[in-house]
Amino acid sequence: MKALVWHGKSDIRCEAVPDPKIEHPRDAIIKVTACAICGSDLHIFDGVIPQMKSGDVVGHETMGEVVEVGAKNKALKVGDRVVVPFTISCGECFFCTRGFFSGCERSNPDHDKAKLLWGNSPAGLFGYSHLLGGYAGGQAEYLRVPYADVGPIKVPDGLSDEQVLFLSDIFPTGYMGAEFCDIKGGETIAVWGCGPVGQFSIRSAFLLGAERVIAIDTVPERLALARQAGAKTLDFKKEDIYDRIMELTKGRGADACIDAVGTEPDTTASFDSVVDRVKVATFMGTDRPHVLRQAIHCCRNFGTVSIIGVYGGFVDKIPMGSAINRGLTFRMAQTPVQRYLPMLLERIQRNEIDPSFVITHRATLEDGPELYKTFRDKKDGCIKVVMKPAA
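Start counting the sequence shown at 1251; every next residue gets the next number (the working numbering).
By construction, these hints were calculated from the structure, which means they are not laboratory data. Nothing here was measured: the structure is a model prediction, and the numbers come from that model. Glycine is no exception: its CB is placed at the ideal position from the N, C-alpha and C atoms. Keep in mind that a hint or two might mislead.
[To be verified] Okay, the calculated beta carbon distance ranges per label pair:
#1 VAL1328 - PHE1564: 45 to 53 Å
#2 LYS1365 - SER1304: 19 to 27 Å
#3 ALA1325 - LYS1500: 47 to 55 Å
#4 ASP1522 - MET1582: 16 to 24 Å
#5 PHE1552 - GLY1631: 33 to 41 Å
#6 MET1534 - GLU1602: 41 to 49 Å
#7 GLU1602 - MET1582: 20 to 28 Å
[Claimed, not checked] Below, simulated PhoX-like cross-link-like pairs (lysine-lysine); rule was C-alpha separation at most 25 Å, straight line:
#8 LYS1567 - LYS1365
#9 LYS1487 - LYS1500
#10 LYS1281 - LYS1322
#11 LYS1482 - LYS1434
#12 LYS1629 - LYS1482
#13 LYS1487 - LYS1623
#14 LYS1434 - LYS1500
#15 LYS1271 - LYS1303
#16 LYS1324 - LYS1404
#17 LYS1482 - LYS1500
#18 LYS1529 - LYS1363
#19 LYS1623 - LYS1638
#20 LYS1322 - LYS1404
#21 LYS1259 - LYS1363
#22 LYS1271 - LYS1404
#23 LYS1529 - LYS1567
#24 LYS1322 - LYS1271
#25 LYS1488 - LYS1629
#26 LYS1281 - LYS1404
My request is simple: use the sequences and hints to build the entire structure.
Structure, rendered in structure tokens:
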């Protein structure tokens, strides 16, 4: 089959790889009908994520049609149309039974490697390094889905691929980021990063009752899309973000701040973002937490900082004195997608949101390598790429 394959920093190719096979009785094989490039895939493309191996198939936003089912999988049948969560979860362990599917104790065969870096292991993920299971990803014509009787959700008739594909990751992630803000109604929520996840955080904050959303970015197309949702936008290259948020909130700060950027903010955003980049380049640091620092300073006393941007290692110069003395709450997670799927699918069915609003580019797998560059470089108005394999 054809798939997008990682061969090193800035080197992703579309090439032939072996077809996936059933390896466990709970598995399923799906024929991919739509997949997407995620912002966190760019961390792989940029060589930021460790434990990648040449030949790894990438991608974790995937849906398709079931073409084969393991003998013990009673939840799916051939012909079912499903969306596949990017988190791989057994459904039976301590964390899965409590709804914390992204903390699954069983699905990461590389858990010992993850423990060395993080102290403990999260769940395995599709197409996201040999820290997280080394599973083949879904930017391919076919995908093996482990624990397929737990993860995939069946898609009702009448909904297009583009309406439901983002249930695999970015819609639940953006929604979780807003949910972490404990919105009761009337709040001001600040969102750093108007990429796809940030866009879903903006809309989710309004769905949950926020009165005002302040969206921070510098890419014109992203800011325009945020304004379409009703957000007040700030360009961090033209305005001092702290001063503007204080002005807009009469000196109090935002009720909650969402970091939807993570480890790769714009290097020219501030002096500390330049320093962070130098540290990473000289192996004196692993992550670049400029946005996290700014979110802490811009949050009101006893507010919440919601972290949904990807960080991989250790962050430094975090203003914990500010957070402690002002009573901030930090909430963060790799999204337990399975927990959110039924409720968010219902919102789509009720026409409360059409997730396809974020798509700017539609392509085939063969176009994928070039579109990774386009997406990474923010060219051609690219916000979200959806690929449809021609299998």
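Structure-based check of all given hints:
Against the hinted window of 45 to 53 Å, the Cβ-Cβ separation of VAL1328 and PHE1564 comes to about 46 Å, which satisfies the hint. A hinted range of 19 to 27 Å for the beta carbons of LYS1365 and SER1304 is consistent with their spacing of about 25 Å. The hint said 47 to 55 Å for the Cβ distance between ALA1325 and LYS1500, and at roughly 52 Å that hint holds. Checked against the hint of 16 to 24 Å, the C-beta distance between ASP1522 and MET1582 comes to roughly 20 Å, which is consistent with it.
Against the hinted window of 33 to 41 Å, the Cβ-Cβ separation of PHE1552 and GLY1631 comes to about 39 Å, which satisfies the hint. Checked against the hint of 41 to 49 Å, the pair MET1534 and GLU1602 passes, with Cβ atoms roughly 46 Å apart. For the hinted restraint 20 to 28 Å between GLU1602 and MET1582, the CB-CB distance of approximately 26 Å keeps it satisfied. Restraint check for LYS1567 and LYS1365: satisfied, since their Cα atoms lie roughly 24 Å apart, inside the 25 Å limit.
Our distance criterion of 25 Å between C-alpha atoms is met by LYS1487 and LYS1500, whose separation comes to about 22 Å. In summary, the hint linking LYS1281 to LYS1322 is supported, as the alpha carbons are separated by about 20 Å, within the 25 Å threshold. A threshold of 25 Å between alpha carbons decides the hint, and for LYS1482 with LYS1434 the separation of about 20 Å falls inside it, so the pair holds. The suggested pairing of LYS1629 with LYS1482 holds, with an alpha-carbon distance near 23 Å, which does not exceed 25 Å.
Pair hint LYS1487 plus LYS1623 holds up; C-alpha atoms about 23 Å apart against a cutoff of 25 Å. For the given pair, LYS1434 sits about 20 Å from LYS1500 by alpha-carbon distance, which is consistent with the 25 Å threshold. For the proposed pair LYS1271 and LYS1303, the alpha carbon gap of about 21 Å is at most 25 Å, so the pair holds. Straight-line distance between C-alpha atoms of LYS1324 and LYS1404 comes to about 13 Å, which keeps the hinted pair within the 25 Å bound.
For a cut-off of 25 Å, the pair hint linking LYS1482 to LYS1500 stands: about 15 Å separates their Cα positions. Restraint check: the Cα-Cα separation between LYS1529 and LYS1363 comes to about 24 Å, which is no more than 25 Å; the hinted pair holds. A C-alpha spacing of about 18 Å is found between LYS1623 and LYS1638, which places the hinted pair at or below 25 Å, so the restraint holds. Under the criterion of a C-alpha separation no larger than 25 Å, the hint pairing LYS1322 with LYS1404 is consistent with the structure, at around 18 Å.
Only pairs whose Cα atoms come within 25 Å are accepted, and LYS1259 paired with LYS1363 is accepted, the gap being roughly 21 Å. For the hint linking LYS1271 to LYS1404, the alpha-carbon distance of about 21 Å falls within 25 Å, and the restraint holds. Taking the CA atoms of LYS1529 and LYS1567, the gap is about 12 Å. The hint holds against a cut of 25 Å. Taking the CA atoms of LYS1322 and LYS1271, the gap is near 15 Å; set against the 25 Å cutoff, the hint holds.
A C-alpha spacing of about 20 Å is found between LYS1488 and LYS1629, which places the hinted pair at or below 25 Å, so the restraint holds. Proximity of LYS1281 to LYS1404 is assessed by CA-CA distance (about 14 Å); at most 25 Å being required, the pair is judged to hold.
Violated hints for the displayed structure: none, as all numbered hints are satisfied.
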